[in-house]
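If you read the protein sequences in the order shown, they are chains A and B. Be aware that the first sequence starts at 1, since it is given in our numbering, and climbs by one per residue. Be aware that the second sequence starts at 237, since it is given in our numbering, and climbs by one per residue.
Each statement offered as a hint is correct.
Under the rule of at most 27 Å between Cα atoms (straight-line distance), these lysine-lysine pairs were calculated in the DSSO-like manner:
1) A:Lys111 with A:Lys136
2) A:Lys81 with A:Lys184
3) B:Lys290 with A:Lys18
4) A:Lys185 with A:Lys81
5) B:Lys290 with A:Lys81
6) A:Lys81 with A:Lys111
Everything labelled a hint here was simulated from the structure, so no lab data went into it.
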Amino acid sequence: MSDPVILTLSALNKRFGKREVLHDIELVLRPGECTLLSGGNGAGKTTLLRILSGLERPDSSRIDTGRGSLSWRRSRADLQKRVLYLHQQPYMFDGSVRYNLGYALPGGLSKQQRNSMIDQAIDWAELDHLHETPAKSLSGGERQRVSLARAWLRNPQILLLDEPTANLDQEARRRTLDLLRSFKKEGVSLLLASHDPIHFSSMIDRRLHLYDGRLAAIEDRKLMQIPTSPALRSTA
Amino acid sequence: METLNDTTLAALNLLFSGNTELWEIIAISFRVSGVAILVATPPALLAAFFLTYKRFPGRRLLISINSTFLSVPAVVVGLTFFILLSRQGPLGEWKLLFTQTAMVLGQIALALPILVAMGHSALQAADRRAWETARTLGANPLRALFTIMREARFGLMAALLAAFGRIIAEVGASMMLGGNILHYTRNIPTAIALESSKGEFAQGIALGLVLLTMAFTLNALLQHIQGKGQPVT
Numbered sequence: 001m002s003d004p005v006i007l008t009l010s011a012l013n014k015r016f017g018k019r020e021v022l023h024d025i026e027l028v029l030r031p032g033e034c035t036l037l038s039g040g041n042g043a044g045k046t047t048l049l050r051i052l053s054g055l056e057r058p059d060s061s062r063i064d065t066g067r068g069s070l071s072w073r074r075s076r077a078d079l080q081k082r083v084l085y086l087h088q089q090p091y092m093f094d095g096s097v098r099y100n101l102g103y104a105l106p107g108g109l110s111k112q113q114r115n116s117m118i119d120q121a122i123d124w125a126e127l128d129h130l131h132e133t134p135a136k137s138l139s140g141g142e143r144q145r146v147s148l149a150r151a152w153l154r155n156p157q158i159l160l161l162d163e164p165t166a167n168l169d170q171e172a173r174r175r176t177l178d179l180l181r182s183f184k185k186e187g188v189s190l191l192l193a194s195h196d197p198i199h200f201s202s203m204i205d206r207r208l209h210l211y212d213g214r215l216a217a218i219e220d221r222k223l224m225q226i227p228t229s230p231a232l233r234s235t236a
Numbered sequence: 237m238e239t240l241n242d243t244t245l246a247a248l249n250l251l252f253s254g255n256t257e258l259w260e261i262i263a264i265s266f267r268v269s270g271v272a273i274l275v276a277t278p279p280a281l282l283a284a285f286f287l288t289y290k291r292f293p294g295r296r297l298l299i300s301i302n303s304t305f306l307s308v309p310a311v312v313v314g315l316t317f318f319i320l321l322s323r324q325g326p327l328g329e330w331k332l333l334f335t336q337t338a339m340v341l342g343q344i345a346l347a348l349p350i351l352v353a354m355g356h357s358a359l360q361a362a363d364r365r366a367w368e369t370a371r372t373l374g375a376n377p378l379r380a381l382f383t384i385m386r387e388a389r390f391g392l393m394a395a396l397l398a399a400f401g402r403i404i405a406e407v408g409a410s411m412m413l414g415g416n417i418l419h420y421t422r423n424i425p426t427a428i429a430l431e432s433s434k435g436e437f438a439q440g441i442a443l444g445l446v447l448l449t450m451a452f453t454l455n456a457l458l459q460h461i462q463g464k465g466q467p468v469t
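Here chain B stands alone, though its shape is the one from the complex:
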């Protein structure tokens, strides 16, 4: 068996030699998860806003249900969508199983509870007077909504990063809904799972390094933005 050093060197070599297959897997991962986060964010933030600012019967129950979904394993989400999208399933006619669209759907389902829960916390932490001040200064509800999102942007960005981190690294739903098809639905986590099972650790390490670099870059970016946003005291 190769040593860890040898494997890491081989992984770096794969990455920097511009291995087409490897970079295609990376591109698929970012495309699928990027689309999922883009689709999930607007409704999730709207839901977070309603849970924070509107009082209606069943509000607390909805918050509890959403929090419950936070702990659902990705493979269970994958299985649920697999049943829905399989040929005999209620959505079988859409012929989406083993496509990137199916992977996007699974990842949206995984991202939504995180975005809603963390978005709700971020908006709750924001000062309620922000909304009232915006409204009393003549902002319509939509402008006031964007204003409080701006005021709570650091918390909301953290929610976005957490959700993106969760879906780009999940393997269960992607494997079940995408089928790990090379050049089409093979993404970083499913490729790592496959290569590791074959004993090919170099590609797995290389892809793991990409995930780590992405996580570091996004977090460093958030820290930088948060630092710039600190009020002068």
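Chain A on its own, in the form it takes in the complex:
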């Protein structure tokens, strides 16, 4: 029996004006799998993530999340329920860390339930000393952890991350990667866009490379860890 699939994307095309950014992209995401998406600047990594999260409209695509192959427009509501996208620089709402975490909780919970869930997220992301701190004053690494804790409270099936370790120091990167491993253990499918595959070498299951609007799989385990290069492009 084949592995379960939570999302199948096919025939995805996207142009910005005359420039074709994504051409006939196909992608399958499975639970607990970590996929690294590499590619140079402007290769279309962010656009692909935004389309998958329902934030950007493709020119054409078919998406299957278990309800049959549907257009992006008809899948959008389902994508927004299952998929969570984290910006390269996570946005913090004006308020405390607790306020930001509480934002991710669904309505209809009692105050006690909300506080309990927020406390769990604070423990999970090791934010104990920051919970009443204004979120806009946090460092890059702390913001990344708050955004991951918000995502954890949403309990998504698929987590899309745009350069999650960019501009982080070594310690902040380590803590971010630890949290990403927790997601993976919990069965969340991770799709990471990054220039730096080496940082994720211990956790990625496969690597996809975007070049010239096309997506290619890189099977060789060694190549999975090598930064984007012309040689790699030709291999892809």
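Assemble chain B onto chain A, guided by the hints.
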């Protein structure tokens, strides 16, 4: 002619002696302008949101048209509504001319372009990721809308204050649509115009002081709120 000092003292005396007529004029002013701003704000903010976040044909043209309305004199707005509401006008049957409702309509028309233009600027200045983060965290469009309004609240409050300041101090539309009827449609600016034309400066100064105090209080309040909202760095 009285000196400025004498007039100001007489004005303060009028204010603090609880002159009924004076305080009635003040109450009418605040009631009419308050209702106008309350009615104008929701559609104006919604329009500002659509102009900021939605891309549709004619969007830029709408922004230009709205900006043009910013410079329309209050008396022209008054004249337009006067024609619409006069007995022979298309809305003459509503019998609204020389009522507080007519004044509210005129003030809504004056407040809308300010609220839309300044609301649009405030929302444009807000980070677009706020909307995307809210949506990706499961907020429906209405909740996401309230979220970005909250994020842009200082700019939006400034828009509200600017619009309120403009309509509570305008004389042209109120005079034409309200008719300056004592105990009914006489508000602060029309009363100042009338009393000044009669050479009675004390009441005019007293009412001017009320407007200045209101402007100062609202701006001080905004500064206070903005100060509290500054992130710790």
